[in-house]
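Participant: Sequences are here, hints too, so could you generate the full structure?
As they're listed, the protein sequences go chains U and E.
Under the numbering used here, residues 1 to 266 are what the first sequence spells out, in order.
Under the numbering used here, residues 1 to 782 are what the second sequence spells out, in order.
In short, the hints are calculated from the structure, not lab data.
C-beta atoms are modelled at their ideal positions from N, C-alpha and C, and glycine is treated no differently.
Don't take every hint at face value.
[Claimed, not checked] Non-contacting residues of chain E with respect to chain U, defined by C-beta distances greater than 12 Å in every case (computed):
id, residue
1, Ala153
2, Asp436
3, Ser470
4, Gly474
5, Gly625
6, Asp647
7, Thr650
8, Leu671
9, Phe721
[Said to hold, decoys possible] With a cut-off of at most 20 Å between alpha-carbon atoms, the simulated SDA-like pairs for lysine to any residue come out as follows:
id, chain 1, residue 1, chain 2, residue 2
10, E, Lys55, E, Ala70
11, E, Lys56, E, Glu133
12, U, Lys39, E, Val703
13, E, Lys13, E, Glu288
14, E, Lys58, U, His2
15, U, Lys39, E, Thr287
16, E, Lys773, U, Ala235
17, E, Lys773, U, Thr240
18, E, Lys452, U, Pro177
19, E, Lys449, U, Arg259
20, E, Lys773, U, Ser245
21, U, Lys39, E, Met708
22, U, Lys39, E, Lys55
23, E, Lys773, U, Asn178
24, E, Lys449, U, Lys170
25, E, Lys773, U, Tyr183
26, U, Lys39, E, Thr704
27, U, Lys170, U, Lys217
28, E, Lys452, U, Arg259
29, E, Lys452, U, Thr240
30, U, Lys39, E, Arg286
31, E, Lys452, U, Ala225
32, U, Lys39, E, Gly123
33, E, Lys773, U, Pro177
34, E, Lys773, U, Lys170
35, U, Lys39, E, Met201
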Amino acid sequence: MHQTTYHRASSVSEAVKLLNDADDGKYVAGGQTLIPTMKQRLAAPSDLVDLRHIADLKGIEVSGDKVKIGAAATHAEVAENAALAKACPALCHLATHIGDPHVRHMGTIGGSIANNDPAADYPAALLALAATVHTNKREISADDFFVDLFETALEDDEIITAVSFTVPEKAGYGKFPNPASRYALTGVFVARRADGVRAAVTGAGENGVFRAEAIEKALSSSFDASALDGVTIPADGLMTDIHASAEYRANLIAVMAKRAVQAANG
Amino acid sequence: MGIEGIGARVARKEDKRFLTGLGRYVDDMVVPGMKHAVFVRSPHAHAAIKSIDTKKAKAMPGIIGVLTGAELKTDGIGNLICGWMIHSKDGTPMKMGAYSGLATDRVRYVGEAVAVVVAETRGQARDAAEAVEIDYEEMPAVTDAVKALEKGAPQLHPEAENNLIYDWEIGDASAVDQALDGAAHVTRMKLVNNRLVPNAMEPRAALGHYDKAEDHFTLWTTSQNPHVARLVMSAFYNVAPENKLRVIAPDVGGGFGSKIYVYPEEIVCLWASKKTGVPVKWVADRTESFLTDAHGRDHHTEVSLGFDADNRMVALKVDTIANFGGYMSLFSSCVPTYLYATLLSGQYAIPAIHCNVRAVYTNTAPVDAYRGAGRPEATYLLERTVETAARELGVSPADLRRKNFIREFPYQTPVIMNYDAGDYEASLDAAMREADYAGFPARRDEAKKRGKLRGIGMSCYIEACGIAPSQAVGSLGAGVGLWESAEVRVNAAGTIEVLTGSHSHGQGHETTFAQVVASRFGVPLEQVSIVHGDTDKVQMGMGTYGSRSGAVGASAIVKALDKVEAKAKKIAAHLLEADESDIVIENGEAKVAGTDRTLPWFQVALAAYTAHNLPEGMEPGLKEGAFYDPTNFTFPAGCYIAEVEVDPETGHTDVVQFVASDDFGNIINPLIVEGQVHGGLAQGIGQALLEGCHYDPTSGQLVTASYMDYTMPRAGDLPSFQVSTTNTPCPGNPLGVKGCGEAGAIGSPPAIINAITDAIGNNDLSMPATPQKVWAAMRRNQ
Ligand SMILES: Cc1cc2nc3c(=O)[nH]c(=O)nc-3n(C[C@H](O)[C@H](O)[C@H](O)COP(=O)(O)OP(=O)(O)OC[C@H]3O[C@@H](n4cnc5c(N)ncnc54)[C@H](O)[C@@H]3O)c2cc1C
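Facilitator: Dropping the structure here:
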């Protein structure tokens, strides 16, 4: 790791100021992506501004059919939140399967979506839940937020403060982990909401998380795993790497979608 | 056996310090004035070095020195050697390319060391390492051994035409061809044994210290055999004469073979310490471990196994291409020859065997022995082929094996080895019972109801351990003898120190060796200490690998104990005024048999050192040494049965049951033996299902260079193992032990693959059987 200077911000405005004052600063939350990148010397920020101790970014609120999760909520906090487990158990289930206990107790939802790793789990959930990303500057719909591999709509000094969504009627997540990293080799999040069914796929797309129209269409007529029998996913636009070919990922999308629906239907 | 003696389930003495973080590893060593080294490594798989400019790096803060291969050469440091000479079948010696500790004019794999930076801090050394300017001219690379032999392939070393190091054979080719021609059935297969990265928990490290006052070097290093390291560095690399070089291998966190070899970094740290005038420490980071630890396996093999009309094996023909990487590592040459082809008879009476092996240079990390070394490769091909033959012949895999088992010992195979003892049917029967083999069809049907494909597979392995009779290996080309040494020092108050040339890096010697000693005199275990891993303390030793520490290392201890006991009896007889032949030593005292006259052990020891009243002419002291050279290898063998369930939709395999029945001969500590089997099974199942080292075939970059892409087995990937042992004591050594360190890794891969291919009904499957590969194999069925 190159030399860096650590700052702990206590408010969003202080964090922005610290970042703008720095030569080449970067926000850090759980550090579960940024620190390994720095260790490999692929990133060398002059300053790190820690967001985890900002009170405004903490907490998980469920009121009525609205859910709001602070950006600094760790994966473990999401996994274990009792109110959330009632409102949207699929999201708790998803958080339980991120990395290992260490990662879950350090990593945050804000860091995960800001990073937008094409194999990360949360992007699929946010897209399928039609969530809103709150920042210190604006609100961004999940549809607009995830732009491309490791690319989001965020500006350089923009801070994610929270994500929110309306409680879905039903939701489920099917994940096939990468055997080595345990990130999603393919993950499918399905959600049925009053305005329709959304299904989002992570781990598979060449351009990151995306909505699977064929699955949404099939599930719109019947929200049952059997509705997906015979639905095939084209391999075009899917990733090929040493762990999985595009064809294999296409198969996994269909299989994980079924398992997500089964989970959603309990 | 007693509660602490031979055969007792004693918890490992050394675990307390390991589990409480008090182990002392090379990186824990601090020498006053110590500085830090970072290596500049090749980013290319194959390139010519046009120039190296260290000016900018040298001017950076904290830099003490930046050294290159040219200076290494000027100082007369020798090239790395390979310690086992193999001759090709045309009689020519193996073709070894020059291997310098720091590359001077060409690099041949990604990660090869080119220069070293020594600085006040590791961070400064890293920064400066990035500032060393090297002008490379990239060359085409080849990573696949089969491709490297093809016409027009990139050429690595001028010494080795067509990248061929040797073209070696063993056995009678014409007898085999004739038998195959006349065979009623021939099973043919093409198999790949996947390349593995060793991944010891502790990365390699070295701390070199040149003491100018004494003109003496000390090296702390992560070694499985510090004496061999010292010998090689003195005799071949000219780092320092043996009497001026002390090598210490303190606690070492796992080796699995990868820490047998002397690596460039160890030589360079010693040399750089003298050059810069400061002690120099280097610790590999995980990426360096992936790139530069000697890798394991990587074979391409074609095999034919012939049967007569009665399903008896008549001949085995094997043709193997072995990938050696960019350079020949220290013992690389013997792995796919004498540690591999000599085991191809397996547990079976096969009248004719022939094996041809071509060893090949490629632009990948050097390949050498890795847990099992050659024997897993032999077992994998034989046991997959036998299982396949059973399917083709329509007979049960167990019956086919039974029919062909060797039943009389000693048994001379057609490929050098002479098996001394065994009972293969006993292991097979025990494993089948434990696995409830007969109940499998019901379990398969039940799994089917849950939508899972259940399969069963077996593997009957044999290995040669207790490496090895010196004269025999010498006649086969080994550059060293493979005996072991021990010294037993009884202190004046009766406590005992045992100095051994074996080295423990996870094996538990501090416990098992102490049990052997405690058993002999009936003294408590805590009164026995095992000293190892320091060339200043132990005179000479050959180290630990090839499951040799019990069969060879402990045998040397037994020989030394015999001498100590003989002298102690003389002293006791003198003091008790009895005849020497009437003295027995047990339960911590010497006594005159059949009487109540006794002398506590400590008084015997004390008498030896006060020397006030010793038998006429006896020298004072109670300390004896011994060298033990085995007369044969030992032959552990066993039967493993795996059951798997495959998810037909994703290709994911769950190992739902794993039974291991091993014959390790006599057992000193069953708890430690079970631990060794568990670890070996995890590694073997890792090879079968998870671990696949992958180089990009065009760029030669290591794609699986971190745990994000290289799948290490985790607890959750493994079932709760059912392990047990049968016993035919080894007739060749005093303890009757055979060795258990590698069995799990040797026997398990074919059992797993046989189970998966049984489950999915497609035999065209290679390791690691990842979900994607299993899914693809199932699709080919349709
Ligand atoms: C071993 C391991 C296994 C893992 N497995 C999985 C897995 O299975 N599934 C999965 O989804 N992920 C996995 N991860 C990644 C993990 O979820 C990380 O927590 C996540 O990617 C990043 O979150 P973080 O809080 O650690 O962010 P950091 O690493 O601190 O930051 C990541 C990036 O986000 C930026 N950032 C952080 N917070 C904010 C904010 N509030 N506003 C704006 N920008 C911000 C930072 O500047 C940085 O660029 C794994 C990580 C590891 C180390």
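Participant: Next, verify each hint and record whether it holds.
Facilitator: Against the structure, the hints come out as follows:
no.	hint	verdict
1	Ala153	holds (23 Å)
2	Asp436	holds (29 Å)
3	Ser470	holds (43 Å)
4	Gly474	holds (43 Å)
5	Gly625	holds (48 Å)
6	Asp647	violated (9 Å)
7	Thr650	violated (6 Å)
8	Leu671	holds (29 Å)
9	Phe721	holds (21 Å)
10	Lys55/E <-> Ala70/E	holds (15 Å)
11	Lys56/E <-> Glu133/E	holds (8 Å)
12	Lys39/U <-> Val703/E	holds (18 Å)
13	Lys13/E <-> Glu288/E	violated (32 Å)
14	Lys58/E <-> His2/U	holds (18 Å)
15	Lys39/U <-> Thr287/E	holds (11 Å)
16	Lys773/E <-> Ala235/U	holds (17 Å)
17	Lys773/E <-> Thr240/U	holds (14 Å)
18	Lys452/E <-> Pro177/U	holds (19 Å)
19	Lys449/E <-> Arg259/U	holds (18 Å)
20	Lys773/E <-> Ser245/U	holds (10 Å)
21	Lys39/U <-> Met708/E	holds (15 Å)
22	Lys39/U <-> Lys55/E	violated (26 Å)
23	Lys773/E <-> Asn178/U	holds (14 Å)
24	Lys449/E <-> Lys170/U	violated (28 Å)
25	Lys773/E <-> Tyr183/U	holds (19 Å)
26	Lys39/U <-> Thr704/E	holds (18 Å)
27	Lys170/U <-> Lys217/U	holds (16 Å)
28	Lys452/E <-> Arg259/U	holds (15 Å)
29	Lys452/E <-> Thr240/U	violated (27 Å)
30	Lys39/U <-> Arg286/E	holds (11 Å)
31	Lys452/E <-> Ala225/U	holds (18 Å)
32	Lys39/U <-> Gly123/E	holds (11 Å)
33	Lys773/E <-> Pro177/U	holds (15 Å)
34	Lys773/E <-> Lys170/U	violated (34 Å)
35	Lys39/U <-> Met201/E	holds (19 Å)
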